[in-house]
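Q: Chain A is fixed; fit chain B onto it per the hints.
So the protein sequences, as listed, match chains A and B. Take the first sequence: its position 83, counted from the start at 1, is 83 in the UniProt record's numbering, and no numbers get skipped. Take the second sequence: its position 186, counted from the start at 1, is 186 in the UniProt record's numbering, and no numbers get skipped.
For the record, the hints were derived by calculation from the structure and aren't laboratory data. Ideal Cβ placement from N, Cα and C applies to all residues, glycine included. The hints are all genuine.
Here are the simulated distance ranges between beta carbons: (1) B:G262 x A:G54: 29 to 35 angstroms; (2) A:Q83 x B:A236: 37 to 43 angstroms; (3) A:K79 x B:G94: 53 to 59 angstroms; (4) A:K25 x B:L229: 28 to 34 angstroms; (5) B:H264 x A:G54: 25 to 31 angstroms; (6) A:A41 x B:G289: 49 to 55 angstroms; (7) A:G54 x B:Q285: 33 to 39 angstroms; (8) A:A41 x B:A138: 32 to 38 angstroms.
To give an idea of the chain A side of the interface with chain B (calculated C-beta under 8 angstroms), a few residues: (9) T16; (10) R57; (11) F58.
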Amino acid sequence: MADTETTIRIPTQLRTLTGGQEEVKAQGATVAEIIEHLERAHPGIRARLLDDKGVRRFVNIFVGDEDIRFLDGLATPLKTGDQITIVPAIAGGA
Amino acid sequence: MKPSLFRSVRTAVLDAVGNTPLVRLSRVARDAPSVEVYGKLEFCNPGGSVKDRAALRMMLRAAADGRLTSQKTLIDSTSGNTGVAYSMFGAAMGFRVALVMPSNVSRPRKDIARAFGTEILFSDPLEGSDGAIQQARATVSRDPDRYFYPDQYSNPDNPLAHYHGTGAEILDAVGDRITHFVAGLGTSGTIVGVSRRLKEHTRPIRCIAVQPDDAMHGLEGLKHLPSSLVPAIHDAAAYDETTRVSTEDGWDMADRLAREEGLHVGHSSGAAVFAALTLARKLHQEQGGGCIVTILCDRGDRYFAPSTWEKRYTW
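So here's chain A without its partners, still in its complex pose (with noise of 0.2 angstroms):
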């Protein structure tokens, strides 16, 4: 399933590592996947995003609506067209 493509949204914070791009695609059967692809086309996002323990504590991924917590975290499986959105737990902001 190397050829599932997903399109990811990237948050403002991570846009840097994007070269300013709002959304990106990536390949992968699951969401551990994607983020291994990702982490290769914009070097640094996935220490942002994981740390040795998963994903990092203030870090939401979702795949459409629903938080891959819910789902099969990492392991999540994902097909074709499938939407996934970065999001940080807090807006920063005071």
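A: Chain B in isolation, oriented as in the chain A frame:
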């Protein structure tokens, strides 16, 4: 703020702002025993956060000079605490309030603001707080006569609240021995206003701003300046240095403060205390003494515990 200036609009809840307790953090600082570390309990303000100070001063000054009237709606962008303060004082003073916030701010904040009758406008969570700022400005520009826009990022009454309030209170409490001041940077109102006051002291007091270590962070209320719209009130010359704290260190210190000091504070307070304790250990080793004051901005129960009970988010 001088009581006489705004007597006509004063009510009980307004009177309860400021004069917060300063407590010694002795347990978490026990590996730097020669250094006194104090936290100013800003969650003791009636709205539960340090933001009461700036919000109150901005609203009172605007009410006094006619920028804010009962015919207008106060609108601003805020991820929470300032919005709670506007909402509370708006209810007490009889002013309508509307807030623009990214839809991913924590649920308790939305609920608190709504409890006071405030209208909430949601901005795109992917655009963060800067997106909320831009949406607030656009809303005001479409109908400028309808709104009073305090703009906490640009309003000089924000740092002045800390110059006249927080900074003066710190000097009253420990002016005879404070050597360092550490505070998180969000709008920069606290660090800029307090530092300006402390710099007037006869002894040099070193002032340190705390920022997240990365643009992608989880320290709600703090700003990573290199990747943000820099607030107009920010004045890097007001303070001496910047230190950077990771989200994990800030979160873990917030947990420690609850368990070891009985202070259940938010993550930005955890980050500020983490920075203060790093400094305390250095002062203990190098100088064998010192007195550090930091700010505990708000309480931890105002925050979102990721994914533990809210299965679905509401945006």
